[in-house]
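Undergrad: Chain residues, written in single-letter form:
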Amino acid sequence: MKRLAIENFGRAGELGATLMNSAEDLIARTRSGDTEAFRLIFDRYSRPIISFIYDLTGEREAAEELMQETFVRAYRNLGTLRADARLSTWLFGIAKNVAREHGRARLRASRKVELDDSTVTELADAGLPPDDSLINKELNNVIRDALSRLDEDKRLVFTLKIFQQQSYEEIAAITGFSIAKLKTDLHRARHEMRRLIRPYLEVSQ
Amino acid sequence: MKCEECLPLIEEYVDGELEGRLVERLDAHLSACAACAEEMTALRREQEVYASYRRDLEVTPAHWNVVRARIEQEKDAAPQSGSRPSLRERLGALFGKGLRPAFVAALVLAALAVTAAVIYLRSRESQGGLAQRQPARGQKQQPAPEHKETTPDKINGGVESVAQDEGHDQGGGGERPRVTVKDQAGTGTARKTLALARARRPENQTVERATPDDSARFEQAVAGSAVTGTLMNAPAAGGEFDFEMARHAERSELLLRSFRNVRPVTAAARALDVSFEKEQSRKLLYRNIALRRSAQERGDPSAVKLLNTLEPILLDIANLPGRARARDVESIERRMEKKEIVAALQVRTLLASN
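These protein sequences, in sequence, are chains A and B.
First residue of the first sequence: 167, per this note's numbering; consecutive thereafter.
First residue of the second sequence: 3, per this note's numbering; consecutive thereafter.
The hints are all genuine.
Computed from the model, here is a short list of chain B residues facing chain A with C-beta under 8 Å:
{"#": "1", "residue": "S54"}
{"#": "2", "residue": "R56"}
{"#": "3", "residue": "L59"}
{"#": "4", "residue": "V61"}
Using C-beta positions, here's what the derived DEER-type ranges look like:
{"#": "5", "chain 1": "A", "residue 1": "N243", "chain 2": "B", "residue 2": "T62", "range": "21 to 27 Å"}
{"#": "6", "chain 1": "B", "residue 1": "L59", "chain 2": "A", "residue 2": "T350", "range": "27 to 33 Å"}
{"#": "7", "chain 1": "B", "residue 1": "A118", "chain 2": "A", "residue 2": "N243", "range": "46 to 52 Å"}
{"#": "8", "chain 1": "A", "residue 1": "N306", "chain 2": "B", "residue 2": "N263", "range": "39 to 45 Å"}
{"#": "9", "chain 1": "A", "residue 1": "D317", "chain 2": "B", "residue 2": "E242", "range": "32 to 38 Å"}
{"#": "10", "chain 1": "B", "residue 1": "V349", "chain 2": "A", "residue 2": "D200", "range": "36 to 42 Å"}
{"#": "11", "chain 1": "A", "residue 1": "E227", "chain 2": "B", "residue 2": "R272", "range": "54 to 60 Å"}
{"#": "12", "chain 1": "B", "residue 1": "G22", "chain 2": "A", "residue 2": "N307", "range": "37 to 43 Å"}
Rough simulated footprint, nothing fancy, chain B against chain A, three-plus residues with beta-carbon under 8 Å:
{"#": "13", "stretch": "201-210"}
{"#": "14", "stretch": "349-362"}
FYI, nobody ran anything at the bench for these hints, they're computed from the structure.
Quick reminder that beta carbons are idealized off the backbone N, C-alpha and C, glycines included.
Can you make the complete structure from the sequences, with help from the hints?
TA: Below, the structure is given as structure tokens:
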């Protein structure tokens, strides 16, 4: 019978070992040809991965396709995953590459989606807080637009830290950046984002 | 610590990345400096806004189906992955890659022609012996007891050719001369062994791929009685907050129990390894902020109270150094006990699972 690490979830004091073993277990089972074990990996990581890709690309349909491509590549290359590497870090690394390739292909095709700056500029420059009833709805749009205005490196680091809660060490592993660079990028990204969403910060207090 | 030294560290502090004595020094400065404390509050407020970001993305079973189909396709295309190669691939291996379908078809036809010739010649040479095993033309075939697809060509002590199972490679229709050729040519003991194994295997048993029933049972097992498992099938809209809240409560409870059980590796060791708990706390902290905001919007005071109690504890654990001093760990444990946070989380989890 298939062993499920999640069955041991309730045992106090073993959380760390259980979570780590479960990932290793799933990887081992997938490597031995158990597609359902890989499905569990998909269930666990597909949501953060699709969100991450969407934050990088800003395209919903592309995010869905690229998320699928990420997992196909992960399955294909699972044999190259080092024993000491974290599965989530590795998956984010693949997703980053997939998203970047998509961006380059889009550029080559000269079909770059122009960002709608008007909304962000208007909101940021007006300095007037929007109507309360629209905050939650518009806030999402403002954050998305603000994200799209960050350059690629800053957007990557900001997304991994703020939305995916990766540690500096993990971000360095995913991006290949030095800790010093990613700290600088993150600080600048925060600063730029703060400027763009300031009206909403004031309203949401 | 001065303000100019403190300010660059606030982001790392809020991120739970600051370690060692810097945390103590920063705490001391923040408690004395209103400007820096305000800076930290503003940063946390930002985090709350980002934590509320919703993308309206959904991962559906259809997404997995596409991934699975592509994986299966690649498995089929890669013989070393466990699946048996097709006839075309086996011929390709013999004659080199890049065989065209037309060429393969020609090879198969040639093999059939040779087979037919061999059968014809042998039947003439040994009319008597073969007549005992081969029914007369037009006579209805007697099914063999061990397998439905056993053919009258079966001449090797009950061993049938596995090629029958892979009819997609063949266009032989009702004729089975190729079976005789393979068996008589002794194309491999392994193939015959596999055929025997298949003959003994119950018909409804699968070997290489899970059936949809297997998937369902697997998911059911994952779901189990745990709230975490139930979340996999959580409804998208109405009960989503409750499910997310229950999952967060369960994870936090387990984390705090784990933290409470942290013990020094040796009696002499003063530092405790809390690196795992620290990492998990940092992740739960962000979730806590997002859920607290949702709870406030929904007007759920019990959830807000629970999350407000939990948040500083998570923050303190997240900001511990990887190897924390025992007294720092004990201090957090005492606060956990005083607030009865573990019990409160457990109650929330149990209520959600019932």
